[in-house]
Each structure stands twice: as C-alpha cells, then as structure tokens.
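Undergrad: Below, each chain spelled out in residue letters.
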Amino acid sequence: EAGVAQSPRYKIIEKRQSVAFWCNPISGHATLYWYQQILGQGPKLLIQFQNNGVVDDSQLPKDRFSAERLKGVDSTLKIQPAKLEDSAVYLCASSPNYNEQFFGPGTRLTVL
Amino acid sequence: QKEVEQNSGPLSVPEGAIASLNCTYSDRGSQSFFWYRQYSGKSPELIMFIYSNGDKEDGRFTAQLNKASQYVSLLIRDSQPSDSATYLCAVRPNAGNNRKLIWGLGTSLAVNP
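Respectively, the protein sequence lines represent chains C and F. Counting in our numbering, the first sequence runs from 1 upward without gaps. Counting in our numbering, the second sequence runs from 1001 upward without gaps.
Everything labelled a hint here was simulated from the structure, so no lab data went into it. One should not assume that every hint holds.
Over 12 Å on every C-beta distance to chain F, these chain C residues come out as not near it, computed from the model [stated by the list, open to error]:
hint, residue
1, K15
2, G28
3, G40
4, D63
5, E68
6, L70
7, D74
8, K83
9, V89
10, A93
11, R108
Simulated restraints, written as ranges between beta carbons of each label pair [what the hints assert, rightly or not]:
hint, chain 1, residue 1, chain 2, residue 2, range
12, C, A5, F, R1060, 37 to 43 Å
13, F, Q1070, C, R9, 34 to 40 Å
14, C, Q59, F, Q1031, 20 to 26 Å
15, F, S1052, C, G72, 28 to 34 Å
16, C, N52, F, E1003, 27 to 33 Å
17, F, S1052, C, T110, 39 to 45 Å
Just so it is clear, CB atoms sit at the ideal spot from N, CA and C, and this is done for glycine as well.
Work the whole structure out from these sequences, hints included.
TA: What follows is the structure, given as structure tokens:
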C-alpha cells in the first residue's frame, strides 16, 4: 500500500513570496490533515478535511493560508504572502477511521 | 484550553533498560490516547493507541492509562539505540465532532549503547 505522498520535499523562498504544497493521501482515506511543525514542537493542526469538506480550520491563518481538497482526494496548501515565521515543516496526514493518522514525509519550508 | 503536557527531556537511558515516558492531559473527558514516535528529520509514526484504563502491550511497548489521574505513559522495555527519537503524546478530547488531536510537545529519548 502506497503511503501519503507530498511534494516538494524542500522549498526555500523569500518573504512575501507565495508557495504551494501538494498532498496525495492513502487511497480510500476520507480524512486529510495539514499540520505545521516548528522545530522542537508538536504538530499544530492547520486544517482538517473530511472528503472534500472542511471540518476544522480554526488554527489556519486565513489572511495568508488557504487549502483545498477538490474531489475529496488530493489537497493543496498555499501560503501567500509568506512570512519568516512560516518557516517550518508542513505535514500532511490521512486517516481511514479517526484513529490512526498516517503522515507523509513533509515539506520543509525555509522563508528568508 | 485543552492541553497535553510532556517533559521535553532529554531522557537518557542505557541500552537494555526500561524507558518510561509520561504525558498528562487537562480534559477529563478525553477518550482516546496515542503515542507517536518521530525520528529526527522524519514524520511521526503511530506506535500505540489506548482507550481504556489499564495497560496495553505490543511487543516491547506498553501503554498505561489512568483516567482518574489524567495521565498516560509509554514504557519501552529492553531499550535499543534505535529507539532514540522524540515521542509525541496525542489526546482526542471528548467534546466536538471534528475528532482532532491535541498534541504534546514531545519527549526526546536517547538510548545509550
């Protein structure tokens, strides 16, 4: 069974630029999560999708972050414009049952 | 504000010893409890989950849940250098329909050969 795929794996941009991340969850997993993880901290949930609907986006900085999950499969997370404090690893996870969450390899973002 | 707290460590144990990792949570009605392992530069991976009071064993790992005292622990028997990682505790509170997890900051474990 293929795992959660994410791309790119690394991205370096300058502040005020925009960036987009892509996630392909495990086939059949209805729930998809985007997390932000800053070094030395636990994952912070940005947004949770159930199929193509948003379940929770309470911690998503909506003035600069946006996410979509068209057709209930792949998802993209966008940051526009980026700030220095957005430097982090962005993790995508999917779940078949609200219990186990399977994480992708993450995208390490550096904002200069 | 629902919280999950862990000692950041580092916790250092010799190879072959038992490593004990602890986690406390604030929401008394929490239902589900998860332990994830995260190697440096890698993503979290689920080790165990537990729902009921008591112990749950899986190989060298034992999760212990005490809802009255609001803590959950992870014991690693016969610790190996390959167990060196950060261990994240995650809790699913009772309230709310989104079933999102509340994450601790993680405990860093170092197993010394």
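Undergrad: For each hint, tell me whether it holds in the structure or not.
TA: Cross-check of the supplied hints:
Non-interface status of C:K15 relative to chain F is upheld: no Cβ of that chain comes within 12 Å, the nearest being about 24 Å off. No beta-carbon of chain F comes within 12 Å of the beta-carbon of C:G28; the shortest separation is about 17 Å. The claim that C:G40 lies off the interface is violated: its Cβ sits roughly 7 Å from the closest Cβ of chain F, which falls inside the 12 Å cut-off. Distance to chain F confirms C:D63 as a non-interface residue, since its nearest Cβ pair spans about 22 Å, more than 12 Å.
Distance check for C:E68 against chain F: the nearest CB is about 18 Å away, which clears 12 Å, and the non-interface claim stands. Its beta-carbon lying about 21 Å from the closest one in chain F, C:L70 satisfies the requirement of being farther than 12 Å from that chain. Distance check for C:D74 against chain F: the nearest CB is about 18 Å away, which clears 12 Å, and the non-interface claim stands. Residue-level check passed: C:K83 sits 22 Å from the nearest beta carbon of chain F, beyond 12 Å.
The Cβ of C:V89 sits about 8 Å from the closest Cβ of chain F, inside the 12 Å cut-off, so the non-interface label is violated. Distance to chain F contradicts C:A93 as a non-interface residue, since its nearest Cβ pair spans about 8 Å, not more than 12 Å. With a cut of 12 Å on Cβ distances, C:R108 falls inside the contact zone with chain F, its closest approach being about 9 Å. Range check, C:A5 to F:R1060: about 30 Å between beta-carbon atoms, so the 37 to 43 Å window is missed.
Between F:Q1070 and C:R9, the C-beta spacing of about 38 Å keeps the proposed range 34 to 40 Å intact. Between C:Q59 and F:Q1031 the beta carbons are some 21 Å apart, a value that agrees with the proposed interval 20 to 26 Å. At roughly 33 Å, the beta carbons of F:S1052 and C:G72 sit within the given window of 28 to 34 Å. Separation of C:N52 from F:E1003 is about 31 Å and conforms to the stated range, judged on CB atoms against 27 to 33 Å.
As the Cβ distance of F:S1052 to C:T110 is approximately 43 Å, the hint placing it in 39 to 45 Å holds.
This entry does not satisfy hints 3, 9, 10, 11, 12, going by the numbered hints stated previously.
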